[in-house]
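Participant: In my numbering, the protein residues as written are 1 to 319.
Because the hints were derived from the structure by calculation, they are not lab data. You may find that some hints are simply not true.
To be verified - Restraint ranges, calculated between C-beta atoms of paired labels, are given here:
(1) G131 with L297: 36 to 46 angstroms
(2) D274 with Q65: 45 to 55 angstroms
(3) V23 with V52: 30 to 40 angstroms
Being a predicted model, the structure only gives us computed values, none of them experimental. Note that CB positions come from ideal geometry on N, CA and C, so glycine has one too.
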Amino acid sequence: MTSARAFLRRILGAVAIWLFVSVLAFALGSLAPGDPAQMILLRRNGEAPSVVDVLALRTELGLDQPPVRRYVRWLTAAVRGDFGTSFRTGQPVFAELRTRLVASLLLAAAATIVSFIIALPVALLSAARRGLVTDHVVRVAALVGVSTPGYLVAYALILIFAVWFRVLPAAGAGGMRHVLLPALTLGLVSAAGLSRLLRATLLDELNAEYMRTARAKGVSTWSAIVRHALRNALNPVVTVSALRFGRVLSEAVIIETVFAWPGVGLAAVAAISDRDYPAIQGFMLLVATVFIMINLLVDLSYGAFDPRMRLGALPMERA
């Protein structure tokens, strides 16, 4: 009963957050300056439209209706996958975002893998050599990584791999070679914070009673960390990695622009530049949906990494 109640609470919480984001996304389009009907006619005809044409299009689009009714109609359509029509391209917003979402998810997955490949051995080495030179070097490097903006890392990698050595393309898409630099950029930035977190959780586990018992039985430090402490230390790391996976879709606005990666971030930049409010609303709602779903899945998977935590006793539940 407790597990079912906790599961239902997670679902209801996710739906509530999604509805709140949908209100924000709709309000952005409704409160933004400019008349959408006038903007559409201006792009369509290339000249200032007449008042009669603007009023007719406003009626056709339902812009003359009360905001609450327009929101319900927009949300109902969004649930069916209809985010409206782009002012800029005249095409359905969801059709464009759906194709670009595949590219963004590929980038996010690659960046998450890169961050784990870097952070895991670095954190293990730092925790095992606590207080030694290796530990201090790792901590300083992680601090520098956390403090460095992603776009600076991007330009540095482009300079090294695309300009100096010319082994990787600097921008665009066309194969796995094109995803390496943007994934490495996001992976390095994420790995810095991830390694700090994993080191801290590993040190907490090393001070636990069961670890002292293992060492008293003659288990080596490395064996104790890898076989016992690592699994219990993975919960916060998995949470942060999942959050990072969702954040890549929002941070892609910068990284995808730098590398001209054809994802939702690049489409969002174009939509913002052209005041394409339906596309901006669709981007916000789509990213929020992915982010919320990832968080929900992570909440429900805690018990797989730590037997002490089950669905009925997740962090939010216990708080």
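Participant: Against this structure, judge whether each hint is valid.
Facilitator: A quick look at each hint next to the structure:
1. G131 with L297: 36 to 46 angstroms: holds (37 angstroms)
2. D274 with Q65: 45 to 55 angstroms: At roughly 25 angstroms between Cβ atoms, Q65 and D274 fall outside 45 to 55 angstroms, so the hint is violated.
3. V23 with V52: 30 to 40 angstroms: holds (33 angstroms)
The structure fails hint 2 only (numbered hints given earlier).
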